[in-house]
Amino acid sequence: MRKVTTIGFLLLIYSSCLAQWYYFGRNKVQYTEFQWNVLKTEHFDIYYHPEMKDLAERGAYFAEEAYAELQEKFNINIPNRIPLVFYSSHLYFQQTNTTPGLIPEGVGGFFEFIKGRVVIPFDGSIYQFKHVIKHELVHVFTLHKIQRVLKDHRQPTEKMPPLWFTEGLAEFWSTKWDNQGEMLLRDAVLNDYIVPLSEMDRILGTFLMYKEGQNILEYIAQKYGEEKILLFFENFWKANSFEKVFELTIGKNYKQFDEEWLYYLKKKYYPLLKYNDPPSAVTKPIFTEGFNMKPVFYKNEGKSEIYFVGNITGYTNIYKIILEASNKPKVVIEGERTDKLEAFHPFKTKIDVKNGKLAFITKAGDHDAIHIYDLKSEKITDMFQFNSLVMITSLSFSPNGDKLALTAIDKSGYSDLYIFDLKTKSLKKITNDYYDDREVAWSPKSDKIAFVSDRTKFGLDGKYNIFLYDLSEDKIEYLIYGNFSCTSPSWSPDGKFLAFVADIDGTQNIWILDFSQKKFLAELGESTGFNSSSEFEIKQITNLTTAAFDPTWTDDGKIVFVALEKLKFQIRMLEDVKEKIEKPNFTQKIKLNEIDKIHWDTPAIRGFENVNTVTYRGKYDLDIAQSQISTDPIFGTVGGAAIALSDLLGNERYYFLIYNTAQSKDEILKSFNIAISRISLSKRTNFAYGIFHFAGRRYDLTDPDLFYYEKAYGGYLALSYPISVFRRIESTIMLNRSDKEVLFGIGERKAMLLSNSISYIFDNSLWSPTGPIDGKRFNITLAYTTDIQFSNVNYYTLIFDYRYYYRLSTRSAYAVRLLLFYNEGKEARRWFMGGSWDLRGYERWSIRGKKLWLASQELRFPFIDKFDVKFPFGGIFIGSIRGALFLDLGNAWDNKYTETLGSFGFGIRFNIGGVLVLRYDVGKRLENNLSKIQKKLFHQFFFGWDF
Amino acid sequence: MKKLIISLTLILTSCASFKLEKNIILDKFNWIQYGNSPENSNVSYFNISPPFQLAWTYNAGAGFSHGPMLVADGILFIGTLGEEIHFVDIETGKKIGIIRTESAVSGTPVLYKNKLIIPNAHGKNTLQSIDLNLGKILWEEKIGAIEASLLLVDNNLIVATLEGSIINYKINYDIPEKIWEFKAPKPVRSSPASDGEFIVFGCDDGNLYCIDFKSGALVWKFNAGSAIFAPISISNGKVFFGSINGIFYALNLKNGKLEWKFNSNSKIYGGCSVKDSLVFFGTASGKFFALNRETGKIVWEFSAKSIINSAPVISNKTVFFGSLDKNVYAIDIATGNLLWNYETRGRIKSSPIIWKNFLFVASEDRLIYAFKTQTTKIE
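Protein chains in written order, with the numbering used here: chain A, 30 to 976; chain B, 6 to 384.
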């Protein structure tokens, strides 16, 4: 028991100390050394880096505004100051140490419970910034309200409402129902994948869950009264299950509610089919699997090629599909596996192709990069990064391909329009304001750049209109204007039409601006300006039940675009564009004389007396404080405590461990076990150092016959340098005075151990619910341990661990692991293996030796997709059970290699709650140097992820 | 297990068998129901004013609702959300005893003779009458959860439930006699008020209902546009209440006609108090208003630092209220000037009450704060 406790404590310290020193794993790289200021408002401490001062002051206003509204809605205030941490871009946000895990592309902010921190990136849109601040503050209020209600009623405060409720409420009380929610709900209802409230666990954490939750709460507020939302909280103490609270509040259980809510949705959306069309009914499929976006057309030596960004397998790649052929798309650019192509920004960044060059954007290190890919040589020929531009959000070639129009976010967080000259490598900034400029499209005549911006008065409500930047006159002109959102402008090859997406009817459809209208005739003839008429017409050429994205023209006047259907973002083609322009679904007049050119601004909190800005100094708070007493019949009573401290930004951490293993009074002083560690994550090179003193009786796991008393004390220093998100170098040095006294054997051993190690680690693997399914990872470690005082210990270590996952299909893979652990020298430690994690069919950890090798092969595939058993008293539901066929070979030895052991068989694994994988293997051992197959079957049941 | 059962039995037995040694002498100066009168006027019989000294604090061990306290004959009765009623000696601040209730006490109980009648917010027997001298439950009613305060009019007890029932019980005998029951379409959380002729209450359906005291028949209803959580007050033929939509209304008691309304631009969760020409209430934005009771015009306003959830209490020329900013405030009725405030260690969402020269404040830190002033006189 003490051993377990000791190991437990050590693991806690070690794993926490070496937050990024896991055996494998990707790295969170602190590319940027941030300076931090703190803006103190009435209710908030706002942490921001100085480049985004203006944005932070606006954010401060939004936060106080949201606070005032939410305290009324929740009928509670927050007595302590709320820490808000702002980053001016998502790339900076991904470097935050306020949360230990890697932050995926889609995370727009989070509320962290331990220190009550709200961490939010800016993505170029002030409207979205305001929305996310309010969304996260709803979480803050939710937590406080729940805890207050439970405390008032003297109940434990651990329980929380389900995620659909907390996230649905955060959306409901922070934003309006928008076209994103509308398209998803329409698609879900019309394609029959809407998930009832009673089964919401099936879509836990998905965007669909957020939007269904929002819709449910909107429905409740509308039908039962908005006060019911507050009453969910006030009634929270009345029942242990939230379903019961729900029933007590609105008088219906989940099933009863589902009946009326689903009926309401069907009644609302089924009539759409009378006038609107599912994409599959009216457009031609180009590619319909996975999540695809940003298609562009290119005529390449007579072949009509579509390039697009797609995520079909889990990695985001750029694909090519040839329209004349009916083949599968070919991967042109493999993304998210190498340092330079670290990540795409799916759904956001455009690609473009011109004169045999494909331009695309990826994250590469701390900034985005533009890559130029030569279609002929099939190589990336150029890569451009700009010190001033953190994220690049769209690009478009000039007609002759020598320039690129860009929209990009600089260090201040604001998104502006730029022109980059590919020849001179010069970058020119066109706009310079806090409006969000996006999605550039250079006109075929070369004189104008269309772009999308929220600079009209509707931008305050998150609406984007289309503008033209006139290159010769260096001025911005209004083009499509109104209280609706436009995206993705795309010029026809002859420049006579502009296709774009607009949500004028509440959901995204493709609209066309025909430049042959009176208003533009003068412009098309010769440049006499835009003043011949004060109005023109735009035409809606799709009327989809769901939504359209990213239209792009083919050379023969068709439009390729992305459509949502059955929760897939499909590449589709609209063939009858000319007919549609002649007979549009709807038309809308744009009246230029009604344009209100007064641009919006937002208030900011700057000079109030109670507001002040200070430079951030590490403010440390307790993360964990835990004491424990355990009793064991062999090792006696062990008592101790562990404390962890970190600063508000999570950059600096301290860990303290103290416990005592004394079994009699006279042992107390010498039996104190103490470890103190400091970890610094603020810079790119992370380091940890500490001192320790451990004393007590030990049982050596690697040698079951050894039962001894050991007193060890010393210190260590560990460094980790992430080369990129995929690669790192680690090094440790440890000085450890170790005095062993063997209890049931002979003698004692004193040593002053000096250990050094250096490791190179790579990991770009992609995971399925039970383990990696694609990519590779490896760890090469060299270490040397020597006794510098008594010469009792002296050995070196080599670790080579290589794992490769070859994707066979979307959900199946062939996995290989090659492992060599090698210790050689005086008192070299033994390795061990055997069991479900490595050499299957053998007793767990029963194979021991100073040298060890293992080769495992596994075929991983989906076995059962859904396992749902219903009993009268309840049910069992397991989402996905995966299967594996395996063959393992290996052995361990000290001096003489004896035989090769092996096993083969079949196993099933399933994930429980995303944190635990249960695994069951059945098979036969290969015995007697692989010459004999075990007669009976072995069975092993354990937990753990696939290798 | 056996030990646990024995311990639990002892605890429960001791709670249930708590007896008050003395007979409570109920005179008209005792605070025996929410609002200190059937009209919920929230006016004290005693004239107190700052300065105050903190005399004692008492830890009740759980949170409090909007009106947790009653006082009579030197004893403070405190209902908690932790399913208890505490009895505290006012002079010393020491505990006299505790009784367990069926569930959390959200509405204000009623003291009737030597009986304490308790509304429970959850559970089966949601209305309980306890004989304080015998230390036992006299009767219990299964009428659904009660979050509104009980209303005592002479020998009649009016109970509003979350099932939408308004029930009139005659309680001057050992067993309550149900006189009538009115059924509202939605839950009733708003504490009713009565002038002896009519009973008025707000409902989650957004209507204010006026029913006949004798027959329980609907006299009129008024649509306030959103749910009414706040207690109702009656004064001189007018009904006063605030609504979740932030509008404070004054209606004619006899016909339900709107006399005036005032938009506070904030949610109103708490009750009001009425004295002479003024009506007082606070809002969720932290604003505290004094309006002219005849016209609804602002006479003055005061800003607390956070939400005001509780009804104010008036004593002579001072109005007292608590805020979620943890402060209890004393404001000069005539000028709106702050006379005194005291910051407790928790949010204050309950109405203070006054007895003799004591001001009692329940705070979220689970403490009852007893403030004492040197002088007091009966108004």
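Because the hints were derived from the structure by calculation, they are not lab data. In this text, a Cβ means the ideal position worked out from N, Cα and C, and glycines have one as well. A few of these clues could be false.
Unchecked claim - The list that follows gives simulated cross-link-like pairs (lysine to aspartate or glutamate, EDC-like), each with its CA atoms no further than 16 Å apart:
id, chain 1, residue 1, chain 2, residue 2
1, B, K100, B, E26
2, A, K296, A, E211
3, A, K69, A, D83
4, B, K175, B, D210
5, A, K440, A, D83
6, A, K180, B, E89
7, B, K191, A, E872
8, A, K267, B, E107
9, A, K257, B, D210
10, B, K292, A, E98
11, A, K180, B, D370
12, B, K310, A, E94
13, B, K310, A, D431
14, A, K626, A, D523
15, B, K310, A, E506
16, A, K587, A, D523
17, A, K452, A, D431
18, B, K24, B, D136
To be verified - Partial list, computed: chain A residues near chain B (C-beta under 7 Å):
id, residue
19, E101
20, N104
21, N109
22, R110
23, D181
24, E256
25, K267
26, S270
Point to revise | Ascending list of hint numbers which this structure does not respect | key: 4, 7, 13, 14, 15, 21, 22, 26
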